[in-house]
Each structure stands twice: as structure tokens, then as C-alpha cells.
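Following the hints, position chains B and C against chain A.
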Amino acid sequence: MLRLEFRDVRITYTTQTASGRGEIAAVDGVSLVVEPGSTVGLAGESGCGKSTLAVSVLRLLPANAKVEGKILLGDENVSELSWGRLRSVRWTEASIVFQGAMHSLNPVRKVRDQIAEALIIHAKGVDAQYKQESARTARVNELLEQVGLPKAKGLSYPHELSGGQKQRIMIAMALACDPDLIIADEPTTALDVVVQAQVLDLLTALVRDRGLSLIMISHDLSVLAATCERIVVMQEGRIVEQGPSLKIMRNPQHPHTQALASAFPVIGDLSSRLKLPTYTAPNAPHAEPGAASVPHESRPALAARDLSVTFSARGSGAVRAVDSVNLTCNTGEIVALVGQSGSGKTTLARTLLGLQKPTSGEVLFEGTPLSHKRKALKVYRRAVQFVLQDPTAALNPKHSVYEAVAEGPRLHKLDGDERDIVAAALAKAELNPPEKFFTAIPQELSGGQRQRVVIAGALALEPEFLVADEPVASLDASVRAGVLALLLKLKCELGLGALVITHDLGLAWNIADRVVVMYQGRIVEEGPVEEVLLNPQHEYTRRLLSVVPTRESPVATAGAPLREQALENDAQDGVR
Amino acid sequence: MSAPAAQGKRINVAAARRRQRAVEVWKEFASNRAGLTGLIILVFVIALAALIPLFAPPSVLDVTQVTSPQNDPPSLENPLGTDPAGRSVLALLIWGARISLVVGFAATLVSMLIGTVVGMAAGHFTGATQAVLMRIIDFFLVVPGLVLAIVLSSVIGPGVATIVVAIGVTSWAGTARLVRSQTLTVESRPYIERAWALGAGDGHVITKHVLPAVMPLVLANTTLTVGSAIIAESTLSFLGLGDPSSISWGAMLKSALDTGAATGGYWWYVMPPGLAIVVVVLCFTLVGRALESVINPTLRGR
Amino acid sequence: MSNALSTQDLVPGDHGTDEPPRASSWLKYTAMKAGGALISLIMVVLLGFFAFRILPGDPVRSLADGRRVSVEQMDILREQLGLNDPLLAQFWRYLTELFQGQLGYSYTYNEPVVNLIATRIGPTVLLTGTAAIISVVLGLWLGQRAAWRRGSLFDKTQTGLALVFWSVPTFWLGLLLLLLFGGGLQWFPTGGLVTAGTTETGLPLIWDVIRHMTLPVITMVAVVYAQYLMVMRASLLEEMTSDYLMTARAKGLREDEVRTKHAVPNALLPTVTLIFLTLGGLVGGAVTVETVFSWPGLGYLTFQALSAPDFPLLQGTFVVFSSIVILMNFFADLLYRVLDPRLRAA
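Residue numbers (numbering that gives the first Met the number 0), protein chains in the order written: chain A, 0 to 575; chain B, 0 to 301; chain C, 0 to 345.
Please keep in mind that the hints were generated in silico from the structure rather than gathered at the bench.
A few of these clues could be false.
Claimed, not checked - For lysine-lysine, the following DSS-like pairs were computed, each having C-alpha atoms within a straight-line distance of at most 30 Å:
(1) K207/B to K374/A
(2) K109/A to K32/C
(3) K412/A to K372/A
To be verified - A few chain B residues that face chain A, going by a derived Cβ cut-off under 7 Å, partial list only:
(4) R20
(5) A21
(6) P189
(7) Y190
(8) L197
(9) A199
(10) G202
Unchecked claim - To be clear about the criterion: a stretch of chain A counts as covered by chain C if any three or more of its residues have a C-beta under 8 Å from a C-beta of chain C, and this derived list gives those stretches:
(11) 49-59
(12) 81-95
(13) 117-130
Each residue gets a CB set at the ideal place from its N, CA and C atoms; glycine is no exception.
Extracted from the complex, chain A is given alone in its bound form (with noise of 0.2 Å):
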């Protein structure tokens, strides 16, 4: 079996920026053991390096990248092998499940040509009889059954694949020359928690199995957590913690761990309902005495009456994405959508701000139902506003902060002086010295800054009810408690409800007042969100829970009956 040693390990980037030649260090003197059969888990924001670390086992690091210190893999340092050995390295001996199987199987062929070709390229020695073309079928079929894909599925092409199929193809291929070490560099980032869940648990089931090592790479503690016993913690290069899984989850040290593990709270555990580092709602279970509530009327704002939408899909006919929705949302509180993708919410999200027209049903607004006259929807768009999921993606790179903001009231042709109004939305967003920000565009702020200048763009209006469809999902953990603080904060100061469109049950319990369960355009479950989510009715619900941490099990670990419907349910995670 095989050893991995990084001893102080420095990796720069050489890159041409506007004020001449720089070198970035994207590693920066990381040393760590990887001993035979162990796992661990590398975590960190992006940026941190750890993707970088990763690649170089294998030195696939591009021409303008330099390694210094000493990478072994065995008793052989990477950064001196000969081509032809490193070749015959890659993939014999260490293998790597790419982030993002979407992009990481050729698009033109075959997928099981593409676990194939691993073979022809290294059918030497013991492995010589994969020469053989009936020898090659055998050995692909063994791996497809042994990633619960039946054999058929490889003669599929990427695209006809669903996301958490194309992941087990790669894990097929990862497989394929029996490597003794598996990197898998953010393996289920794209996923649904449930495939997610199903995905990982393959994976390690599969290096148990095989007594091999695994490097896990993620942005996502839990997931860590549920499959490495050691986990290693790197920001900006270096390594600021490391540890058993267990201990770094529910004992983190270092503020950058503490941050990335608030991420993922513990649901049921009181110390962090309603609250957050930052921000403690006055009505929360482990409130500062004394904080007294603002009382809010508690009026219906936005509603759903039997509301239906269908869209034709190619092929298989019509699609029910939102089937028959009654939903109510009031005033001064927030309401979690939760779901996994594809589950119609995002679609219901768009329906009730009036970007989709539903196919049946209606959506009221204080009792009286939207119109999509041009005229009654900009009345309406001036009272819901909507928060995007991706915020680099939601403000136009060319306008600067102050044109994003003003952009609202100049379409309302609001009174009042501009830039008071502007000032005074980014304060609200707490983004002080809204001056300060003014001129600035959004390439220049971090991904936490640019979603509050969304949600300041939003408050500019000063609408009565929000939408927000999975506000944290693309941010980076540090930040994501901030931005929930703010929504939270926002509801209880100035009343202002929000419906927030969430796969993450973690979010659910840090600041929403009632959840709504969403399962294939229907929904399933709602209620409080003690009631639900500590006390699940509906098998969905249950489902969605076993996959983050609660009260019983405080590191998710995807349970034995999950796994036997995991063939079952990959196959439909839906194919994007």
C-alpha cells in the first residue's frame, strides 16, 4: 500500500496581472501524512488551495504553477519522476474524482469508453490482459455494477446522464486500475443533499471495502465529517487545523473552523435556533434576557391559491413542476421552502413574484390576486422584491454599486433624493459607510458584500414581503451567517417577512419561523419549524433530515436504508 507525504509544500502561480509579472502562493508550506487505508478530509473556502494541494499528487498543475518542498507518493517524489514513470503513476497508483463530473467526461464519447480507455493505457504486467477487447467489456461491467449503475447506463454519452450517474461514473473510472489512493476533489458539490448523501456513501463504502486511502476535498464540514476520519482545515494556503472528524465538527479551535462549522448547526440543538455569531433574534430560546420583541402585526402578504405550473418538456410531455400549491406567507416572518433541486421551488418562487405566468391558480397579494397586466405587475413588483441565489451573477458587472441599488427606484421613479434613498438602503444592509461603496463595482467586493448590496437593492423599494431563493447557497460558509443574520435581523426589526427558498434544513433552523416541505411540485409537509423538523410526519421529510446532522446523529452519516435506495433514487435526480 501506498504512502502520501506532502513535506512543506509550496506551490505559486506565476500570473501576468496589469502591474507586471506576480507570483500567488497558492499553498503555502503545507506538510501532512496520508497514511495507507486512512482517510482525511480537506477543507477550507474556495481559494484556500486545497484543489491545488490535490492536483499536484499527480502533478497536473499547469505550466505556470512552481512546486517547492516534496510531494512522495510511496518512496517517489512526484516533482522528479520521468514522464513515461509519471504516466504509469497517474491512475495506477493514485486516481482523482474531478469536481464537477459535468465537465470532467468528454462530452462526444462514450462514457464507457472513457473507463475503458484508463485500461488500454496502462494494460501492462498483471493487467495486460485488458489488451483484450472481451476482457476490457468484463472489467467495465464489474465497475458499473460495483457504482450501482447497470451496464447499459455506459453506453449513455455524459449529458444523458443525471448529475449524481456522472458521478458514479467517475468514481467508476477512479476505480478502473485498482489505484491504492482516491482524491475526490469535491465530489457531490453540485449534488441534492439526497444524492449527495448516496454519492459519498458509495464512495466510502467502496474504499472500506478496499482497504485504500482517500483524499476528500469539500467546502462542506459535514460531508467531511460523514466520510474521513481525520480532518484537515486550510485557509489561504496553510493548514490552521487538523484533527479527528468528530472533534473538528463539534470542538472546532481555530475561528476559521468555528465560522465553517456554524455553517452547519446542529437541528434541535437550541443554542443556535433563531441565532446566529452575529445576531440573536429577540423571541430565540437562548435570547439575552431583556431583549424585548417588537411586536409585528402578523397580516397574509403573499399567497398561493391552487396554484399549478406546467411546463412542456421535450419528449416525455407535459412536467407538473408546481402541482396544486396552497401556501400563505405573513408578514414579520420567515417561511422556509425546503426541497431538493427540481422539487418545483424554485419555480413557485418565480410564479409568486410574477416572472412566470402559472398554468392555473392564482397568486394573492393581500387578498386581491396578481394581474399580469404591465402596470398592476410593477405596482406588485414595487411591494414583493426578490433576492437571487448567486449575487456575482445577479448584479450587472458594469454598474457600479450605486447604479445597482438606484436601479429600483429609478424604474419606480421614487420620491425623495436618490442617493438618500440609496444611502439608506445599503445602511440597512449593513453595509457602513454606504459612501464607501458607492463607486464601487462588484468585482471589487466579497461574495458576502455583493449579496447585500442585492438585498439593499431589494429594501430600496421598501417592499413589504421578500423572496429569496437560496440566498447563502453560493457563498462561502464564513459569510453565509452573516447574510442569514441580516434576513433575520430585517424580520425582526423592521417586520418584514421573507419567504426563503432553501435546500439547506440548517438555515431552516437558524432563522425561519415555519418550513414548508416541497416534493415534486407538491407540498408535503408545514408547519413550525420545531414541529417539523423535530418531529417529521412525512417520509420525504425524514429523508431530508437523515442527511444532516441533528440531535441523534450530530455527524450526518447516510444511513444503511438509505443506501438501498439509492440506486432508485439517483436514477432520478433529474438530469441538468
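The following block gives chains B and C in isolation, referenced to the frame of chain A:
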């Protein structure tokens, strides 16, 4: 702070940002040596063409006023020799640049206007409007442009305006295709969805978001199109569709062929106009590519 | 769309049930593309008619341009051409004739346009076909090498050369070659398809045609291959940053295998589209090249129709040229579907 003051401040901020961006664009452009060389040569050629009346009055082109012998090889007096009518080829070449450049720019303007408007409409609107526009774009994309231009100009009758229209009408489809795909890309961005949710209408989305995103692309494309328009002009003139009385590079080559200068070995009448076209078109292409790579840094090195 | 809890899709033992229904969607795709091509053809037919009737300019006056023709003679000519009939009646005649395979009657040749085109189409297909094949092979090969060695001397010279050739007017290059190799050095004949009055048959005839073809083909290739080189280079550069190439390298493929097995097949897809979109340009090249080298093809015929001017003939060559390009594009769409599996499922 009073409202007008705020307004003034805002405009200053926007203007400063634009100035800063312009400086950045210029720096990036200037770092592309080929593009910069192309630009310098073009500026020189355009200045020469604009200022030629000061050095050589139009009378030098009058066949009745020539003093030099016909088809005279290059000499000190006539650095590029004379044409079959005894006129200085150098004077013809620079005077010819005027028509060639004007036609190139005018045809490009027509082409860009049609292409941008149709492309943006085809990208922004959906349903029947889009279907019809797409069919029209597709048609003009595949139909042989030169043959259609020949048909148009032979029906309308020869002339400079005819050539401008013929080139403009037959060369816009590529731009439209480009603009449409850029429009679709921009409109698929969430910030458009955000604008809708803020209460925007078609006009706001097109003018505030789509047009600014499309313009740089159109600009770079314009530079590339001027080059091909100049080639198209010379080709149509060569085929005899130009104004027989005006001098352009294409018309010079046509007269070289017609008067037997080409077959008679009078290379000084055949080489200069062709080389002039090659150099000018190449410069436009280099400038256009440099602009493209400034706009889209991922194209660097293409 | 997801339906995560249902079990309809992957029943063990029932393999292949979720294969996309290829046959039916193939038909649909073909029908859609054929419909598009048909609309374009109809537009060509309409344009072929109306461009000559509605646009400002009097065909008869242009016809008489520079000749001494009296007003009476022009009227007689109008009558003969049926230009005095109502527009609709003219259009109806044009359509019915078209359906009988007729494209009118040439003024200058006194022959049906269809016959003229029929005798000229062969040489044009020979010339443009040869030039197209050489350009594609040359352009794609050089393009992919240049992209893979981006920034190298090879890349720089090839890109530079391509840009220069792209800036050369076809007819001028033709003229130069004609002067140098035809007139001056006399290595090649200066015009025509075969030597005038030749009685050769068999191999000597083929050799004669090849000698006549050489200069026109070189001219066309020089101008056309450059575009293909640039497109291939650009799309391969685009592919070179793709994630799946990292996968291929990680698997242990050699760089040349990564290129030929993974990058190039993907880069070919956008290139193929653009090659077919530039077919119209190839036809434009045919007009000028055939004119310079007096190649007895459709392009030269177009030039003759234009200089006469002979409008029925011009209309005929326009309709035929455009139809050929539209049909070729239709076949390109079908080919594209074979090359790109992603289109098959759509």
C-alpha cells in the same frame, strides 16, 4: 446634501470611472504590438487620404492635363510610374484610398446597424418575432453574399451608393448572429431576472443591460468588418459594378486588367492597389483582433 | 425534473429502457432542418424574382445602357420579356416555369438559362470542390498544430500567414499568379478548362485539366484555408482549458493522445458549422477566380451575365448558386448531428 449636488457628484463618479476604464482599455490595447502597429499604419493612411488635396489637387487625375508619358515605369518624377493614361499611380493610389475607405466605413455602418438591431431583437424577443428574425438571419448567413451583392448592384445600377448598400445588406448576418448570441448570454444572467423583479420593462433591459454589454463586441466586429467591406468593394469594382468615373483601388485594378496593363507587364500599376488593399485590410484585422482580446481576455493569444 | 422517490426508471434487469428514443427524434430533427432549408429556398426563389422587378432600376434601360437603342426598340424588348404584364402574372409565369425546371431565356446566348447552367455546373463543382477539400484539410491540420503549440514560432508564422492571406483580394492574387506563372514563367496555362481544340482523351485529358486547374485552385485555397485555420485554432484553444482534458491527463494519456483523442474531436464541432457557413464565401470566390482564369463555370457565367447584362441569366445563376449552398448547409446540419451526440438527445 441637495439633490442637484448629488446628481453632479454621481455624474462625476460615472465619468471618472469611464475615463479610468478608457485608460485601461488603451493600455491593454497598446500592449498588443500587432494591434498597435496596425492602428498606427491606419491612422497614417487615413491622414494621407484626408490631406491629399493639399498636396495633389484633383487636377492631377484629369486625363486631359497629364504631362507624363503613358505606362511610364517608376521614376523620380513618378515614384510609382504612370497609368495607361499617363497619370501618376501614386496620386491615383492615395486618391483611391478615399473612396475605398469611405465605402468600407459606410458599408460597415449599414451592416452594423442592421446586424445589431436585428440581432438584439432576435435575442430579446421570443415567439413569432424571434422565429421570423432567426429565419431571416439564417437566410442571409447562408446565401452567397457576393452573388446577392452582384444581383443587387446590377439591378440598381453601378455607383458608389449602390456598392455601399449591396455590401451592407449582404454582410450583416454574421454580426446579427454574434449580437444575438451575446444578447442571449446576457439575458440568461440573473441580473436580468433581478431587473425584471425590480419592475423593469423591455426598454430598460435593452438599453441599460443588453446594449452596453453588446456594444464592445459590435465595435471590435466593426473593425473586422471594415476590412472585409474594403475587399468586397474592390471585388465589386473589379467586376465592373463600381462608378466608372470614380477612382478606388478596385477600379484601378479593373482598369489595369481592361487596358492590358496587367498582361503587358506593367507591374507598377497592378501591384500598388493590391498591396494597399492587403495592408489596410490586414491592419483593420489586427486592430479588430486586438480589440477583441481586450474585451474578452480569454481570447488572448488567439 | 426530479422525482427522487419514484422507482420507474431503473428497474434491474430492464436495461436500456431509459435510452432516449433516437429514431423518432432523428426524424423530427431532420424534418425541422428540412423545413428551415425549404423556407430559405422559397426566399431565394422570391428574391430571385422580386429583386429584378421591384428594386429601383429598369432592367431594360440597364440592358440598353451604352448602346444605341430607340424608345420603340426598348418597348418591343419589354413586350418580348413580358415586362409589361401585371407583376402577378409575371410572377405566376416565373413560378410555373420554375416548376417545369425552366429558369427563363438568356438574352445574350439565345438559349434557355437551364441549359447554360447545366453545361457550366460541372467545372464549378470540380474547381470549388477540390479547393474546398484542400483548404479544409490544410486549414484544420495547421490550425490544430498551431493551437497546440500556441505561442511557438510555428504558431506565429502560421497565424501571421493566415491573416495576410485572409486580407488578400482573391482576384488580385489570381491576377498575380496569372502574370507570374501563366504569363511570365509559362508554367501553367492562363485560362480555360482544357487546351483549346484539344483532342486528347483519357489520362492525357485529365492531366490537361489538372494543369489548367492548378492556378485557380491555388488561388482559392490560399484565400479560404486561412479562415479554417483561424477557426480551428480558436476552437481548439477554447477546448484546451476544458476539465475533461485534465481527466484524460490524469488517466496517464500522452499529450498527443490527449489532443487527438479528446481535444480535437470536440474542437471540430464548432469548426464544422463555420466551414459550412462559409460555403457562401467559397461561391463568391468561384465568381472572381473563374473570371480571372476564364474557367468555364457558373461563376464565369455570372460574370458574363453581369457584364452583358443578361438578367434572366443572372437570376438563374443566383437561384442555382444559392440553392446549392442552402442544400449543402442542410446536409451539414445532418452531419453535425452525427458528430455531436448532444444534439441527438435534444
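Quiz item: Of the hints stated earlier, which fail here?
Solution: Checked against the structure, the hints that fail are numbers 4, 5 and 10, while the rest are satisfied.
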